[in-house]
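Asker: What follows is the residue order along each chain.
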Amino acid sequence: GAVVSQHPSWVICKSGTSVKIECRSLDFQATTMFWYRQFPKQSLMLMATSNEGSKATYEQGVEKDKFLINHASLTLSTLTVTSAHPEDSSFYICSATLAVAGNYGYTFGSGTRLTVV
Amino acid sequence: AQSVTQLDSQVPVFEEAPVELRCNYSSSVSVYLFWYVQYPNQGLQLLLKYLSGSTLVKGINGFEAEFNKSQTSFHLRKPSVHISDTAEYFCAVSEGGNEKLTFGTGTRLTIIP
Numbered sequence: 012g013a014v015v016s017q018h019p020s021w022v023i024c025k026s027g028t029s030v031k032i033e034c035r036s037l038d039f040q041a042t043t044m045f046w047y048r049q050f051p052k053q054s055l056m057l058m059a060t061s062n063e064g065s066k067a068t069y070e071q072g073v074e075k076d077k078f079l080i081n082h083a084s085l086t087l088s089t090l091t092v093t094s095a096h097p098e099d100s101s102f103y104i105c106s107a108t109l110a111v112a113g114n115y116g117y118t119f120g121s122g123t124r125l126t127v128v
Numbered sequence: 400a401q402s403v404t405q406l407d408s409q410v411p412v413f414e415e416a417p418v419e420l421r422c423n424y425s426s427s428v429s430v431y432l433f434w435y436v437q438y439p440n441q442g443l444q445l446l447l448k449y450l451s452g453s454t455l456v457k458g459i460n461g462f463e464a465e466f467n468k469s470q471t472s473f474h475l476r477k478p479s480v481h482i483s484d485t486a487e488y489f490c491a492v493s494e495g496g497n498e499k500l501t502f503g504t505g506t507r508l509t510i511i512p
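Residue numbers (this note's numbering), protein chains in the order written: chain P, 12 to 128; chain Y, 400 to 512.
These aren't lab readings, by the way, just hints derived from the structure by calculation.
Using N, Cα and C, we set each Cβ at its ideal position, and we do this for glycine too.
Careful: at least some of the hints might be erroneous.
Stretch by stretch, here's where chain P covers chain Y in the computed footprint (C-beta under 8 Å, at least three residues) [to be verified]:
hint, stretch
1, 421-427
2, 433-442
3, 499-505
List of simulated lysine-lysine pairs, BS3-like, C-alpha gap at most 30 Å [to be verified]:
hint, chain 1, residue 1, chain 2, residue 2
4, P, K75, P, K25
5, Y, K457, P, K75
6, P, K31, P, K77
7, P, K77, P, K66
8, P, K31, P, K75
9, P, K52, Y, K457
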């Protein structure tokens, strides 16, 4: 089945540094990827929609200069948290859509736990 | 705009008892509906989905859900739960194509031995 590989699974960084999270679609081409953020015991909130070869579309309230999204190829999308602060600590999850032969769905990465100290 | 409501934030159930997790949605167009399960510190695993056709959808791990258009609901059911079903369950809706998924707030299912 369709697999999205997300790395790293967890990362601890110092306040003020930048962190890059990668999501790769392993056996399919993901023209669209979504990035979500999840705070403890809460639901997933969409941060941005990433389309291959074009600029990401950010949801209202998400700082595009802080959360840089790049989708340079059909199999790789990255999220960079720039100048991270403790309030950016969260669980980040990517997702890709897949439409094959009338079937349709979303495949999720395993998530990245970011802790900023 | 689409939205999803999961009225029950927590559902405790005795082992081997049946369970129903409720989900209601709103949308101005036809939708695709999904149920996902999330174990601690993990991503989301698809339980089942409704795209079209039969309104009763069977998924993995013995779960099923029924799409009710008139009541705009997509409740998740399992006739007999196990300890391993303890997890967070999310209902989600999309308007198809490459549209985003909108999630409910989740229901924490706790199985009591």
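Asker: Compare the structure with each hint and give your call.
Answerer: These are the hints, each one checked on the structure:
Given a C-beta distance limit of less than 8 Å, the hint that chain P covers the stretch 421-427 of chain Y is violated, as 0 residues qualify and 3 are needed. Check result for the stretch 433-442 of chain Y against chain P: holds, 5 residues qualifying (beta carbon to beta carbon below 8 Å, three or more required). Counting residues of the stretch 499-505 of chain Y whose C-beta lies closer than 8 Å to any C-beta of chain P gives 7; at least three are required, and the coverage claim holds. For the proposed pair K75(P) and K25(P), the alpha carbon gap of about 21 Å is at most 30 Å, so the pair holds.
With a C-alpha separation of about 40 Å, the suggested pairing of K457(Y) with K75(P) is violated against the 30 Å cut-off. Using a Cα cut-off of 30 Å, the hinted pair K31(P) and K77(P) holds, with the two alpha carbons roughly 12 Å apart. For the given pair, K77(P) sits about 14 Å from K66(P) by alpha-carbon distance, which is consistent with the 30 Å threshold. Under the criterion of a C-alpha separation no larger than 30 Å, the hint pairing K31(P) with K75(P) is consistent with the structure, at around 14 Å.
Annotation: proposed proximity of K52(P) to K457(Y) holds, straight-line Cα distance about 27 Å (limit 30 Å).
The earlier numbered hints that this structure contradicts are 1 and 5.
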